[in-house]
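Q: Residue-level listing of the chains:
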Amino acid sequence: MTRLDALEAQSIFIFREAFAQLRKIAMLWSLGKDSNVMIHLARKAFFGRLPFPAMHVDTHRKFPEMYAFRDHYAKEWDLDLIVEDCPPIESTDPTLPPAARSAARKTEGLRLALAKHGFDGVIAGIRRDEEPTRAKERFFSPRGTDGAWNVREQPPEFWDQYNTALTPGAHVRIHPILHWTEMDIWAYTQRENIPVIPLYFSKDGKRYRSLGDQDITNPVESDASTLDEILAELAVTKTSERSGRAMDHESEDAFERLRTAGYL
Amino acid sequence: MSASTSVSASTSTLPLATSSAAAAAKERELLRIVIVGHVDHGKSTLVGRLLHETGSLPDGKLEMLKEVSARRGMPFEWSFLLDALQTERDQGITVDTSQIRFKTAKRDYVLIDAPGHVEFLRNMVTGAAQADAALLLVDAGEGVREQTRRHAFLLHLLGLRQVTVVVNKMDRVAFDQEAFAAIEEDVSAYLGGFGLRPTFVIPVSARDGDFISERTARLPWYSGPTVVEALDAFTAPPSLSDQPLRFPIQAVYKFDERRILAGRIESGRLSVGDELAFEPSGATARVKSIEAWPGSAPTTVEAGQSAGITLDKDIFVTRGDIAAHGDQRPRAAKSLKVRLFWLDDAPLKAGDPVVVRLSTAAAPGVVSAVTSAVDPANLVTEGQASLGRNYVGEVEITLRQALPADPYHLNAFTGRVVVERDRRICGGGIILHAAREARLEAPKRGPVVAVDSAVTPAERVTRFHHQGAVLWLTGLPASGKSTVARALERRLFDLGGSPVYLDGDTLRTGLNADLGFSPQERSENIRRVAHMAGFLARNGHIAIVALVSPTRADREQAREVGARFFHEVFIRAPLEVCEGRDPKGHYAKARKGEIASFTGISAPYEEPEAPELVLDTTGDIAATLAALEAYLEEAGVLFPPDTDSPI
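Protein chains in written order, with the working numbering: chain D, 1 to 264; chain X, 265 to 911.
Bound-form chain D, shown alone (with noise of 0.2 Å):
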């Protein structure tokens, strides 16, 4: 088996794993390469169609590419698709950095639509190697009833058995791409022929490596604006995928703190 290989096997075998155990489960997509790679992945695990919702919790800020590819393969790939608002900003907490607020309204949204639908597990495309705290989640990351990540006290998980085990109202989230890296999304999504939101190319000498909110995300510098070209350019870059995501960086715990209250 390649690299590739081994890492879509685990990944579909999480998948089967969240649909047999949970009641009701749902996938975050956000419209960026990480989820793309997730739905053909589900719909690997699946035999070509997702059993179960796909849901973008909207911030009403993305760009207007996101949205049209959001329209148009959600009919493509016959998706059961849910979108739900987020609050306003006024709901965040105000001792946050401006951008910071903006993501918490993204988690206050997802704690809100959970509730609504009575999900009690999530399905998200969060990665080890994006920043250290996703580092340190596990698979299968059961959560409290505020949807609170208790870092400190999490149970064991391994040989491929995961927690499951839910007091009412809480919910699991579950990171079926968890051990893939940027390199390996990339190369997935040329193999196996996904769709990109043109945003990833390069325009005018500038390209997005990771797509959140419009007024909080920065293109980074760069020329590539073909798959190769992105690989080619990750193979010996050295700086960070998410360095054009203004919430990480504005403050040293900014984001620890967001993912502690239930960001993804």
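Source of the hints: derived by calculation from the structure; they are not laboratory data.
Given the structure is predicted, the values throughout are model-derived calculations rather than measurements.
Beta carbons are placed, not taken as given, at the ideal position from N, Cα and C, and that holds for glycine.
Hints are supplied without guarantee of correctness; some may be wrong.
[Said to hold, decoys possible] No more than 30 Å apart at the CA atoms, straight line, and that leaves these computed lysine-lysine pairs for DSBU-like:
1) LYS518(X) - LYS116(D)
2) LYS552(X) - LYS518(X)
3) LYS238(D) - LYS330(X)
4) LYS577(X) - LYS552(X)
5) LYS44(D) - LYS330(X)
6) LYS367(X) - LYS206(D)
7) LYS44(D) - LYS518(X)
8) LYS203(D) - LYS62(D)
9) LYS370(X) - LYS238(D)
10) LYS116(D) - LYS75(D)
11) LYS238(D) - LYS206(D)
[As the list claims (entries may be wrong)] Covered stretches of chain X (chain D as the covering partner; in silico rule of three or more C-beta atoms under 8 Å from a C-beta of chain D):
12) 363-370
13) 518-526
14) 555-566
15) 816-822
Take the given structure of chain D and dock chain X to it, following the hints.
A: Then chain X, alone, in the frame of chain D:
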């Protein structure tokens, strides 16, 4: 620190951006390494150093950290690179497993940094269970400590067989060769106790960068590899495709007209047309198709792949069933004997209700006995009624429904279990024995309390120059078991060791004089000898057992009793050769029908499937003995003749 230690970058030695560089980077081999050891022995410092020296840090990261340190008024430490969480920075210890990537010229690595504090052993287990190999870190000044031993023991139980020992902080002992040698011997003796031999033992100073990737002049007496070279010397996990098929079912899908059985092939391979048996029900059917999306499906799938199949008949199959090929299927077991590590605060006791998870199956059950409990930190055996937090012990569990199980030595995936209590994962372990039916109730015992010996195992190792062991010599009558046993006994004794030869026939004149040769009596004979040999081994002696022991089941039981001390040695000689030898005239009598059920003639001999060693006795006894001695050194039982005291 800001949340951007996103270390997925490459070494500076890679060529500039070209698509061939991209192609090469896409499919590079990936190895997962866990770093374990006692708290404060320098794990995070080592990781920080490795990242720096392999050019894996993002631009400006080091400068930024140095600036943060200066702002906080503390000297820069390499470990800051990993202290991503606020809570960790405050306490200065790693709380949870963290994973970081780096690469060498040879391949990519995931470094799993496991916490060294006893409070976080569950996190260490989480990290180590995902690894292909381990670095065990020991502080040169402090030597082997509690967590060093605990982690080493757990690595072994988690199935890791490749461990390199890194003796850190050599700068604190003035790069002294003797201090290093003492730790090397100490740690090698401990690992040898459960058959683990470190691939290398490397002296380093992680803080200063000696022998991480560079050979420095400060360790002129050391000629072995650097840490990076030792990492590159680990081997990737072998493919399990040639082992017997184990296909645990995750779910049965009926999204359309197809009824698809989905799961991951854990070992072996499966093809369209194969007849499969599903345990525990025992139902059989043929593979009609292999299903896949998108595109066309393969006709064969193998170990590691997630797959889906349809069958030619509608037999009842459910999540947790394991598909195998008819002649090599797992056992539907209602009683398990498990070597278990326990992570929960409240001890596990006989009578506790538990749920046992094995692969995708789960079954409720009850702990029928806790037969041993040991603290791996000091190898002290405690009272045997319960298994406390962070202890390892042997536990018997009676299940309410059968689970499809294998003994661990036959299949790692279907030979291990996770134990839940109160719906929480509290422990895990390997299956020593799986029985079809729940055992009959054990005879009522009086208040028996085991008493520890006044002499420690370490003292005996020092005197005898070897570890305790049970060498179980099995083979046809007249295959040469006694000859090999007696030659080895003499050799070990002459080396200053303490071998004890247990001959089957001799024991039948005393201890086992009440037993005949019916299958039940043969089993009882073996059970008694196994316990006697195990007792000797636990007390540092090498018990050399020469016993036909014709059935696999009986030998499996002897292995269970002998536990980590047990070594099965198959003495192999063709039947004609044995019959030609016939020193006791038994074959001749058996041929005439004067001895009933004589192994080899009128009763079967089941050859061992996975013995630790096979010895051919048709050749020279000196060569046979040399092979046996080499094995004992390899297995860590004997210490090479040129070493001084192993402790």
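Q: Now tell me, hint by hint, if it's right for this structure.
A: Results of checking the hints against the structure:
Pair hint LYS518(X) plus LYS116(D) holds up; C-alpha atoms about 28 Å apart against a cutoff of 30 Å. In summary, the hint linking LYS552(X) to LYS518(X) is supported, as the alpha carbons are separated by about 16 Å, within the 30 Å threshold. Between LYS238(D) and LYS330(X), the direct Cα distance comes to roughly 18 Å. Compliance with the 30 Å bound is thereby established for this hinted pair. For the hint pairing LYS577(X) with LYS552(X), the CA-to-CA distance comes to about 9 Å; that is within 30 Å, so the pair holds.
Note on LYS44(D) and LYS330(X): the hinted pairing is violated, with a Cα-Cα distance of about 46 Å set against a maximum of 30 Å. Simply put, LYS367(X) and LYS206(D) have alpha-carbon atoms about 27 Å apart, close enough for the 30 Å limit, and the pair holds. As the CA atoms of LYS44(D) and LYS518(X) are separated by approximately 15 Å, the hinted pair is consistent with the 30 Å bound. About 18 Å separates the Cα atoms of LYS203(D) and LYS62(D), which keeps this hinted pair within 30 Å; it holds.
About 19 Å separates the Cα atoms of LYS370(X) and LYS238(D), which keeps this hinted pair within 30 Å; it holds. At most 30 Å may separate the alpha-carbon atoms for a hinted pair to count; LYS116(D) and LYS75(D) meet this at roughly 24 Å. Straight-line distance between C-alpha atoms of LYS238(D) and LYS206(D) comes to about 16 Å, which keeps the hinted pair within the 30 Å bound. Closer than 8 Å: that is the beta-carbon criterion, and the segment 363-370 of chain X has 3 residues meeting it against chain D, so the requirement of 3 holds.
With a cut-off of 8 Å between beta carbons, the segment 518-526 of chain X has 4 residues touching chain D; three or more are needed, and the interface restraint holds. Counting residues of the segment 555-566 of chain X whose C-beta lies closer than 8 Å to any C-beta of chain D gives 4; at least three are required, and the coverage claim holds. Note: the segment 816-822 of chain X has 0 residues with beta-carbon separation from chain D under 8 Å; the three-residue rule is not met and the coverage is violated.
In summary, the numbered hints that this structure violates are 5, 15.
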